[in-house]
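Residue-level listing of the chains:
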Amino acid sequence: MNTNALLSGGPLSAEIGQLFWIFVGIAAAVYVVVLAFLVVSLRRREGARAAPPDSPAARHAVRAIGIAVGLTTVILVVLALSDFFANRVIAATPENPLRVRVTAHQWWWEIEYVDADPTRRVRTANELHLPVGRPVQLEMTADDVIHSFWAPELNGKKDLLPGYTTRLTLVAARAGDYTAECAEFCGFQHANMRVAIVAHDPQDFARWYDAQLTPAAEPVSPELQRGRDVLLGSTCVMCHNITGTDASGVTGPDLTHLASRRWIAAGALPNDAARLAAWISDPQGIKPGTHMPATRLDADDLAVLTHYLTSLR
Amino acid sequence: MSRIDDTWADKPGLVGWLSTVDHKRIGIRFVVTTLAFFVFAGLLAAVMRVQLARPDNHVVGPDTYNQLFSVHGSMMMFLFAVPVMEAIALYLVPLMVGTRNVAFPRLNAYSYWLLLFGGLMLIFVFVIDSAPDAGWFNYVPLSGPEFGPGKRSDFWAQLITFTEVSGLIGAVNIITTVFKLRAPGMTLARLPLFVWAMLATAFMILFAMPSVMLASTFLITDRLVTTQFFNPAEGGDVLLWQHLFWFFGHPEVYFIFVPALGVISQILPTFARRRIVGYVAMVVALVTIAFLSFGLWVHHMFATGLPPLGMSFFTAASIMIALPTGLQIFCWIATLATGEKVRFAAPFLFIIGFFFIFIIGGLTGVMLGSSTLDSQLHDSYFVVAHLHYVLIGGAVFPLFGGFYYWFPKVTGRRLSERAGRWNFWLFFIGFNVAFFPMHILGLEGMPRRIYTYPAAAGWSGLNLLSTIGAFTVALSVLVFFVNVWRSRRAGELAPDNVWGASGLEWAAPSPPPPYNFERIPAVRSRDPLWEPGFPAAEVVGLPDIVRSTLVTRLHDAEPDHIAILPDASIWPFLAALATTIMFIWSVFTPWGLTWGAIPLTITLIGWFWPKKDETRRTCAVEVKPDAGDARVHQLREALP
Amino acid sequence: MSSRCPELVVLALSLLALGGCEREQRRFSEPGGSTVTVTTPLSDIRAGGVAVATPVKAPYDDNAYAISEGQRLFQWFNCAGCHATGGGGAIGPALTDDVWIYGKAPDQIFSTIVQGRPNGMPAFGARIPNQQVWQLVSYVRSLSGELPKTVSPSRADAMYFGKPPAEREPVTQPVQP
Chain A
1 MNTNALLSGG PLSAEIGQLF WIFVGIAAAV YVVVLAFLVV SLRRREGARA
51 APPDSPAARH AVRAIGIAVG LTTVILVVLA LSDFFANRVI AATPENPLRV
101 RVTAHQWWWE IEYVDADPTR RVRTANELHL PVGRPVQLEM TADDVIHSFW
151 APELNGKKDL LPGYTTRLTL VAARAGDYTA ECAEFCGFQH ANMRVAIVAH
201 DPQDFARWYD AQLTPAAEPV SPELQRGRDV LLGSTCVMCH NITGTDASGV
251 TGPDLTHLAS RRWIAAGALP NDAARLAAWI SDPQGIKPGT HMPATRLDAD
301 DLAVLTHYLT SLR
Chain B
1 MSRIDDTWAD KPGLVGWLST VDHKRIGIRF VVTTLAFFVF AGLLAAVMRV
51 QLARPDNHVV GPDTYNQLFS VHGSMMMFLF AVPVMEAIAL YLVPLMVGTR
101 NVAFPRLNAY SYWLLLFGGL MLIFVFVIDS APDAGWFNYV PLSGPEFGPG
151 KRSDFWAQLI TFTEVSGLIG AVNIITTVFK LRAPGMTLAR LPLFVWAMLA
201 TAFMILFAMP SVMLASTFLI TDRLVTTQFF NPAEGGDVLL WQHLFWFFGH
251 PEVYFIFVPA LGVISQILPT FARRRIVGYV AMVVALVTIA FLSFGLWVHH
301 MFATGLPPLG MSFFTAASIM IALPTGLQIF CWIATLATGE KVRFAAPFLF
351 IIGFFFIFII GGLTGVMLGS STLDSQLHDS YFVVAHLHYV LIGGAVFPLF
401 GGFYYWFPKV TGRRLSERAG RWNFWLFFIG FNVAFFPMHI LGLEGMPRRI
451 YTYPAAAGWS GLNLLSTIGA FTVALSVLVF FVNVWRSRRA GELAPDNVWG
501 ASGLEWAAPS PPPPYNFERI PAVRSRDPLW EPGFPAAEVV GLPDIVRSTL
551 VTRLHDAEPD HIAILPDASI WPFLAALATT IMFIWSVFTP WGLTWGAIPL
601 TITLIGWFWP KKDETRRTCA VEVKPDAGDA RVHQLREALP
Chain C
1 MSSRCPELVV LALSLLALGG CEREQRRFSE PGGSTVTVTT PLSDIRAGGV
51 AVATPVKAPY DDNAYAISEG QRLFQWFNCA GCHATGGGGA IGPALTDDVW
101 IYGKAPDQIF STIVQGRPNG MPAFGARIPN QQVWQLVSYV RSLSGELPKT
151 VSPSRADAMY FGKPPAEREP VTQPVQP
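Protein chains in written order, with the working numbering: chain A, 1 to 313; chain B, 1 to 640; chain C, 1 to 177.
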């Protein structure tokens with residue numbers, strides 16, 4: 001799934017990783033030293049007398065405490081400062097970022113690429129594609145409750161709050177697949193709310209982007225035509241949008257290019273026909289509590305519907 | 001039976017049991033009840049660990065799991081961790097400061113019953129599928145009226161009301177007892193460190209709890225009577241909840257941790273057979289922790305997009321609190337280094353366990369205090385690991401050490417040393433096996449509060465290991481309870497000062513009589529029982545036909561006057577019942593407050609109504625100043 | 001204490017418990033078809049004066065979660081577009097009063113949603129699965145204060161539109177047009 005915070009996919013998470021190792025190194029050293037003192041202090045000679053308050057041993061001990069406090073202060077200041085400087089790198093406003101608006105819902109992610117030209121705004125769901133090397137700035141809000149976007153291999157997390165817009169920068173250093181999870185408890189399916197993040201070389205990204213701008217693939221066979229008819233005659237259109245058809249619901253994920261995605265149901269299932277059919281007929285069995293209702297279709301209708309949806313690349 | 005025994009005796013039977021105001025009986029009840037909640041919440045955690053042991057598991061569904069972790073957290077924090085510390089304080093503090101009861105005995109009883117009823121309410125709603133399900137911190141909007149249908153969050157908010165009232169009463173009792181009822185000669189500079197710790201804790205409680213009462217009240221009114229505190233569309237703010245909650249929530253973990261520091265400061269010098277090194281530094285450290293704890297709360301909100309400069313301030317404050325904590329640890333090590341050779345009895349094993357476990361928790365706490373690191377670690381299993389290392393290592397281990405240490409005083413018998421060793425090692429090993437892997441899981445990207453995870457995530461092995469550790473911990477707790485059960489009746493008899501300790505509580509018999517000290521001893525140093533020729537003097541002349549104790553002055557502990565404490569009374573129990581009715585009724589309708597206030601008023605009238613016999617005896621011992629007394633003359637002159 | 005007290009206490013607690021059980025259940029999967037045709041009578045006039053029994057309770061009338069789902073769907077499926085948020089009525093009739101053109105019984109409301117009605121109410125039978133229609137039915141009934149306050153929805157995290165269903169008294173007189 002590629003969610004290891006210490007395996008960095010970009011400069012921002014690398015900065016945090018570096019800071020982490022500084023902290024862990026110092027912490028480990030402190031732990032060993034303090035426990036060593038503890039163990040040594042316990043190894044008193046049998047019959048040793050307690051040192052009275054004015055004795056050299058007691059004064060020695062007080063001086064040792066003073067040194068330890070001084071050292072601790074220095075270490076803590078060093079740690080606080082290293083955090084401060086690392087934070088400046090993380091919090092820096094990116095240069096010419098690619099802007100993406102993210103809206104979190106219970107329990108899926110709505111993604112819209114911002115562009116001055118309204119005809120060039122890609123709308124998708126649960127999947128985020130990035131060009132390698134260019135900073136991507138997510139402008140995030142939530143539609144219902146508080147969520148949090150966390151792609152550990154690319155950066156730290158940021159909450160999505162109703163009534164607020166928060167920002168998070170992602171920079172991928174090389175092409176590859178990453179995963180973002182929801183990291184703020186948001187209800188029944190908090191556990192199954194993932195974003196598939198795909199970093200492309202810039203030309204591949206442009207190709208993907210242009211493909212996403214096209215309307216849904218027209219049915220080229222009678223079977224696909226029947227599949228589209230089933231979709232348009234059924235409950236799907238109340239919530240889902242497929243650009244180029246009459247399905248223009250806005251409360252659920254956009255399905256225009258469903259077949260181009262790696263997963264369905266916000267990362268709960270891999271994207272293949274069998275699992276798509278299972279999701280449509282029994283979403284509550286896969287993600288109990290999800291807002292997608294069970295769609296009862298006879299086997300034939302379900303088959304052609306699934307066939308049509310898998311054609312939406 | 002002498003007169004004093006008659007005066008302080010409880011009535012027999014069920015009525016006596018319900019009407020006692022003896023701080024020791026109430027303290028034991030508190031401990032037993034909070035430990036029962038500990039076990040219940042622990043069992044919920046066991047179910048969670050079974051669910052998480054394997055990926056894509058179906059032991060429980062998401063709705064049940066959400067209730068499990070919400071009740072586990074709420075019960076552990078509000079019904080176990082904070083009250084158990086107040087409980088041992090309510091038992092020990094009067095004994096440690098050399099008095100006969102807490103300052104407000106009936107309020108003490110009332111606060112116990114309130115805690116019990118609040119906890120029973122939570123268990124009841126859990127059984128009927130109506131338990132809170134939005135986490136122990138109950139964030140809005142998930143817990144708000146639109147996304148939290150039904151009454152689940154309302155029960156959470158009322159649980160807060162029960163436990164916060166109970167906690168505030170305990171704090172008031174502790175502060176007043178420590179300030180007014182100390183033995184002669186026990187100046188503030190001679191207070192035992194546990195008493196200092198409880199004083200600091202009580203003040204923290206006083207200032208922090210109103211914040212969460214405000215938050216829970218706003219939530220109740222939002223859900224019940226259409227206020228808009230947390231509704232962004234009408235000018236409210238979802239972050240308001242987080243600020244109000246964490247302004248309380250951060251000090252709350254210090255309500256749990258600071259008393260444990262006090263416990264260690266009592267046990268460790270006893271075993272080193274030497275007074276603590278740096279007493280003044282220790283007191284300053286405790287008070288500093290109490291103050292600083294109010295300046296850290298935003299570190300729970302580092303991911304919410306607050307301005308970076310503000311977050312840097314809270315990073316600095318969160319990191320700096322390691323300093324007074326570290327000072328305490330250095331002083332303890334210095335005490336060991338200059339003391340006699342330590343005998344590793346069970347209480348001391350748990351103290352050593354504290355060092356090994358808590359210090360890890362404190363260091364991961366410093367990591368989490370860094371806002372930059374926290375952006376990766378927040379809301380992941382790394383935090384789950386950290387919080388359990390500091391709470392269990394930093395509070396529960398010293399607590400268990402305290403149980404083994406003071407059990408002989410409470411019951412007159414020792415707990416089994418052999419069982420104590422099994423208890424300790426199972427706990428220590430099981431705890432680390434259960435919780436250390438969670439650091440790694442958090443770094444591997446496992447978020448908190450998820451009811452399952454996919455096999456593809458690669459988290460399965462460590463989760464299974466963690467579950468095995470959790471069951472080992474459960475086993476160790478079972479060993480503890482078996483040890484307690486058997487030792488109550490058949491444990492080795494213990495002398496009054498079984499450990500050779502220096503505190504005043506060890507001067508009382510084991511177990512102490514209801515009045516603690518027939519003659520309150522005077523104190524000349526910080527370690528009274530180590531004074532040659534202790535006690536140098538004793539208090540005589542306290543009337544024994546009423547429940548009397550000595551009030552001394554705050555600044556120099558010189559005797560001031562005699563306080564008359566109330567006799568046993570059934571009214572605190574009845575008032576707690578009436579309060580419970582009012583609180584639970586108001587979950588369903590705001591009129592519950594209005595109509596519920598009527599029975600409460602009746603019970604309060606009964607509470608305060610003077611009893612003939614008590615009044616007669618009080619008047620009999622009243623000493624009116626002589627008419628010729630100069631002070632009487634002065635007062636008469638001053639009157640118009 | 002009388003010897004009957006303990007039994008009464010247990011009885012009271014059990015009733016509380018059962019009430020709680022039903023109210024707080026979160027039922028995600030329900031059996032049953034996606035859409036169904038209904039032949040519910042829409043008025044009280046019967047040939048031959050024969051009384052027809054109609055159920056007075058919808059399946060979700062006691063379930064707070066289902067009613068809150070109904071509240072969500074009322075917005076998502078744009079019922080609010082004609083009936084206004086909170087059901088006060090705009091180009092569609094008010095749902096908060098005691099005037100029910102096509103009947104106020106649960107299965108009558110169900111059939112209204114599923115079949116559609118003249119003058120603008122669309123037929124949602126093919127578009128909304130049964131379970132969600134029943135959630136909407138219970139929500140609509142809560143709008144006129146029919147349902148207990150403990151299950152009716154409280155205010156939404158939205159702009160204020162008047163008292164939420166949980167604070168409305170049942171309307172007994174029809175509101176004058």
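Simulated from the structure, these hints should not be mistaken for laboratory data. If you're wondering where the values come from, they're calculated on a predicted model, not measured in any experiment. Check before you lean on any hint, since a few could be wrong.
To be verified - As a list, the in silico DMTMM-like pairs of lysine to aspartate or glutamate whose alpha-carbon atoms are at most 25 Å apart:
| # | chain 1 | residue 1 | chain 2 | residue 2 |
| --- | --- | --- | --- | --- |
| 1 | B | Lys341 | A | Glu46 |
| 2 | C | Lys149 | A | Asp144 |
| 3 | C | Lys163 | B | Glu234 |
Now for the hints, and whether the structure bears them out:
no., hint, in the structure
1, B/Lys341 with A/Glu46, "holds, 6 Å"
2, C/Lys149 with A/Asp144, "holds, 23 Å"
3, C/Lys163 with B/Glu234, "holds, 14 Å"
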